[in-house]
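Peer 1: These are the residues of each chain, in order.
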Amino acid sequence: MSDNHLYTVSSSPHIRAEDTIAKIMYTVFFALIPAALFAVYNFGYKALFIIVLCTVSCVFFEWAFQKAAHKEITALDGSAAVTGMLLALNLPANIPWWIAIIGALIAIVVGKQVYGGLGANIFNPALIARVFLLISWPVDMTTYPAPTPLFSAVQDAVTSATPLGAVKMKILMHAPITDAVAAFNIKQLFFGLHGGSMGEVSIIALLIGAAILFYKKYITWHIPITYIVTVFVFAAIFNYMDPARHAPPLYHLFSGGLFLGAFFMATDMVTSPVTHKGMIVFGFGCGFLTILIRAFGAYPEGASFAILLMNLVTPIIDVYIKPRKFGEVPADA
Amino acid sequence: MSHRTFQGGIHPHYEKQLTNTKEILPANIPDIAIIPLAQHIGAACASCVAVGDLVKKGQRIGEPAGFVSSPVHASISGKVIAIERRPHPLGRDDVTSVIIESDGKDEWTDDLVENTEYANLTADELKKIILNAGIVGKGGATFPTHVKLSPPPNKKIETVILNGAECEPYLSADHRIMVETPHDIIEGFKLIMKILCVREGYIAIEDNKPDAIKAMQSSLDDLRSPELDVQIAVLETKYPQGAEKQLIKVITGKEVPSGGLPMDVGLVVQNVGTAASIYEAARYGRPLIDRVLTVSGLGVVEPKNLKARIGTPFREILDQCGGLKDDVVKVIMGGPMMGMAQHTLDAPVIKGTSGLLAFTKKEAVSFRGQPCIRCGRCIAACPMGLAPYILGTYGELYMFEKASETSVMDCMECGSCVFICPAKRPLVHLMRFVKREVITSRHKEKLKKEKAEKA
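Going line by line, the protein sequences match chains A and B.
With the numbering used here as the guide, the letters of the first sequence map in order to residues 1 to 333.
With the numbering used here as the guide, the letters of the second sequence map in order to residues 1 to 455.
Hints in this document: simulated from the structure, not taken from any laboratory.
The model shown is predicted, which means the values in this text are computed figures rather than measured ones.
Keep in mind that the hints are not guaranteed to be accurate.
As the list claims (entries may be wrong) - Result set (DSS-like, lysine-lysine): computed pairs, CA atoms no more than 27 angstroms apart in a straight line:
#	chain 1	residue 1	chain 2	residue 2
1	A	K322	B	K254
2	B	K435	A	K325
3	A	K322	B	K402
4	B	K402	B	K435
5	B	K449	B	K402
6	A	K187	A	K170
7	A	K216	A	K322
8	B	K156	A	K325
9	B	K362	A	K216
10	A	K23	B	K362
11	A	K46	A	K187
12	B	K424	A	K216
13	A	K67	B	K424
14	B	K424	A	K23
15	B	K435	B	K451
16	A	K325	B	K155
17	A	K325	B	K424
18	A	K217	B	K362
19	B	K435	B	K424
20	B	K424	A	K322
21	A	K216	A	K23
With the hints as constraints, model all of the structure from the sequences given.
Peer 2: Here it is in C-alpha cells:
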C-alpha cells in the first residue's frame, strides 16, 4: 500500500454480469450445431463443405471489409460466424460453392457492414443474402437434393420436392393438395427426412438448439412462440375453410423454414424489437406474413420474406411500443 | 406480501458471506481525523472553530448553512491543526475539512443531554435534537434527516418504511446492526413515527438476512406499543430492492409519480442506521460522530464490519483489516453498484460511508464498450421502466433535449443496465452526463425567463 499507488477510477457500477457479445454469438453458433450435424447426416459431406465454406467466408469478408475500411477488426466476435452458419443452413446442400461465397459476401458487406457493422444493420444479414441468391439463381436455390443419409445404401443424389413445394405445385396446377400432403407424414417432417434447405428440415434438431438458447436466456418466448402460434392458428383457419387448397396446421408448422426462422432468425437481437410487447407484435407479424405468402403467394415458402419485412417494421414498433415507465401517473396537484 | 415485486432489477453475486456473520468491531480512534464540512446533500457547513482550538468529542465544529443542511461535529477530542481542502470521498474536492489531532483522551463534550424520558419528547423537540445531532440518511444519499421528517403540511404522511433491505452486494453494515442492536433501531423507529404522527410502519428486510429478520422481529415483539401498527416486510432478494421508490411500490403498491417524492404518496422511508442514530441522539444526546461500515472485497486481507469515527482516513480503516493485497486495482466507497471509486486512500469516512471495498483485478473487470446489439436486456432490467440503450445513444450523440423528453431525469443511476449489458456500454456514465446537461439547460432557461420577466 505505497503512497503513490494509483487506483482505477471509473463510473459506477463496478461489477458486471458475465455475458459478452462474443459469448452470446458463440452460444448461438453452438446452438445451431445440432441442425448442422443433422444436415451432414441427411445430405452428406457436401453439406459439411458448404457450412464450413459459408462460415469461413463470412468471417473472412468481415475481416477484409474492416481492414479495408480501417475499422477495428472484430471479425472473431462470433457474429460473422453465426451469419455464415445461418446462411449455410438456409441453402440447399448441392448449391454450387461459388454461389455460397457470393452469399457470404452479400450477407456481410451488403447486409451488415455498409450499415456500420454489428448492431447497425436493419435486416438479418443471412436472410438478405438468402433472398438475394433466391432471386439471382432461382433454379440452384430451389433444387433440393433428396436426403441421402450417411452410411445408407442410397448414394446418388436425386432431387426431391420440399413439402411446401409439393403443395404449391398442386395449387398452381389447380389440383387438390391431398396426395401431396399425404406423401409426408408428420413424424417424417418432425425428424426432417425430406428435401429442403440444409438446416430447416429437422424440427427436432432445431428444438434442441432452441432449448440451449432458452436455457441461457438468450431468447425469450415472445418472438418464436407468437410466431409459431400465429402460423398455426391461421393455417388451421385456412385449412378448415378449404382443405383442398390449404395444408393442415401441423404440416405447415413442421415444414419449410418456420422453426429455423422463428427460433434463430426472427430472434436476432439487432433486427427485432427491444421490448417484450414489441416482440409479440413482431412475432405476430412474422407469422401472419409467412402464412399469407405460403397460402396465397407465388413462392411455396415465406418465412424469409416475412422476417425481412418485419425487420423493416422493427424501428416503428420500437417507437410506438415503449416500456411502462415507473411513476407514469399524473402527479397529484 | 413477500412475493410482490417491482419491475426490472437484477441478481448480481452478492458476496455478503465475506462479512455478514462477523460482529461489528470498534475501529481504532484515528490520530488525525479529517472531517469534511459537507457530508450531506445540500449546502456545506461553515466552520465554527479556528486552528489551534481545543475541541471535544461531540462538539459542533460546522454550522449548517440553510434548512437543507446539517451540522458537523468533532469525532475525537484534541486540537484543530488545520482547516483546509482535503480529498473528499465523493469527489467534492472544493469542500473544506477540519483536521483534528487527537489528544488521546477521547473525551465527550460536557453539554450532552441524557434523557431517560426520551419517549415523552414532542415532535418539535425531537426534530431539533435530530438537527443538532447532525443526523443524515445513512444509507448513502445523506439527505438531512430533519428535512425528510418535516413534510409540508399539505402532504399527509400515512406510512413510514424503515429500510433494512441493503440490496447492494458486499455490504453487511445494516444487516449487522439489525442483528446486534435491534432495540436501538426500533426505539428510533418509534420516534420517527411519533414525529410524523403515523400509526403504520414497515421494516423492510430482504430474505437473504434471516438472522436480521429474526432479531428485529423478536425485538419488535418486546417493544411493541399498542398504538403502533408495525410489521416486518420480508422482501425478495433483488437489486435495487432498497431503492426508495421500489421499496414503496413493493410494500404498499403505491407508485411515486415521476419527478415526485415519497411524501407525494404519503410515505417516508428511513434507513435502519439512521433510526439507531436518532435513538442515540434522543436518549444520550450523542451527535452522529461514528458509523458502521463494511470493509470487504477480495483485495482486503481480513474483511470486517467496523464502527469507525467520522473522519478516519480510509488508509487506517484498511490497515485495521490486514491491509490491502498487492493486486488491488480499485477502492470503492459504498457498494459496488452505486459506490464511488476512490483515487486516494487519504479520503476519510463520512456519514454516508456504508462500505469500503477493495477490488482485485478479478472483481474490478474493465471493458471496452462495444456497439449496442439491441438485446433489450437493459429495458428488462431498468426498475424505472426506461430504455437505457437509447438514452445512452442520445448521450453519445449530444441529443439532450430528446433524452429529456424520454425521461432521462427519472434515472436513479442504480447501474442495473450497465451490469446486464453484454456490450458493456457505460450507460450510467452517459446518463449522468446527459442529466447534468439537462439540469444546466433547464437552469439557464429559468434564469432567462426571470430576466425577461424583470425587463
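Peer 1: Decide, hint by hint, whether the structure agrees.
Peer 2: Evaluation of the provided hints:
1. Between A/K322 and B/K254 the CA atoms are separated by roughly 21 angstroms; this keeps the pair inside 27 angstroms, and the hint holds.
2. A C-alpha spacing of about 17 angstroms is found between B/K435 and A/K325, which places the hinted pair at or below 27 angstroms, so the restraint holds.
3. Distance hint between A/K322 and B/K402 is fulfilled; the C-alpha atoms sit about 15 angstroms from each other, no more than 27 angstroms.
4. Distance restraint check for B/K402 and B/K435: the Cα-Cα separation of roughly 12 angstroms lies within the 27 angstroms cut-off, and the hinted pair is therefore satisfied.
5. In summary, the hint linking B/K449 to B/K402 is supported, as the alpha carbons are separated by about 21 angstroms, within the 27 angstroms threshold.
6. Taking the CA atoms of A/K187 and A/K170, the gap is near 22 angstroms; set against the 27 angstroms cutoff, the hint holds.
7. The suggested pairing of A/K216 with A/K322 holds, with an alpha-carbon distance near 25 angstroms, which does not exceed 27 angstroms.
8. Distance hint between B/K156 and A/K325 is fulfilled; the C-alpha atoms sit about 25 angstroms from each other, no more than 27 angstroms.
9. For the hint pairing B/K362 with A/K216, the CA-to-CA distance comes to about 23 angstroms; that is within 27 angstroms, so the pair holds.
10. A distance of roughly 18 angstroms separates the Cα atoms of A/K23 and B/K362; the hinted pair therefore holds under the 27 angstroms criterion.
11. This hinted pair checks out: A/K46 and A/K187 have alpha carbons roughly 26 angstroms apart, not beyond 27 angstroms.
12. Taking the CA atoms of B/K424 and A/K216, the gap is about 18 angstroms. The hint holds against a cut of 27 angstroms.
13. Restraint check: the Cα-Cα separation between A/K67 and B/K424 comes to about 24 angstroms, which is no more than 27 angstroms; the hinted pair holds.
14. At most 27 angstroms may separate the alpha-carbon atoms for a hinted pair to count; B/K424 and A/K23 meet this at roughly 13 angstroms.
15. Distance check on the hinted pair: B/K435 and B/K451 sit about 24 angstroms apart at the alpha-carbon level, within 27 angstroms; holds.
16. Under the criterion of a C-alpha separation no larger than 27 angstroms, the hint pairing A/K325 with B/K155 is consistent with the structure, at around 24 angstroms.
17. This hinted pair checks out: A/K325 and B/K424 have alpha carbons roughly 24 angstroms apart, not beyond 27 angstroms.
18. About 25 angstroms separates the Cα atoms of A/K217 and B/K362, which keeps this hinted pair within 27 angstroms; it holds.
19. For the given pair, B/K435 sits about 20 angstroms from B/K424 by alpha-carbon distance, which is consistent with the 27 angstroms threshold.
20. A threshold of 27 angstroms between alpha carbons decides the hint, and for B/K424 with A/K322 the separation of about 23 angstroms falls inside it, so the pair holds.
21. A threshold of 27 angstroms between alpha carbons decides the hint, and for A/K216 with A/K23 the separation of about 11 angstroms falls inside it, so the pair holds.
Comparing the model with each earlier hint shows no violations; every hint is respected.
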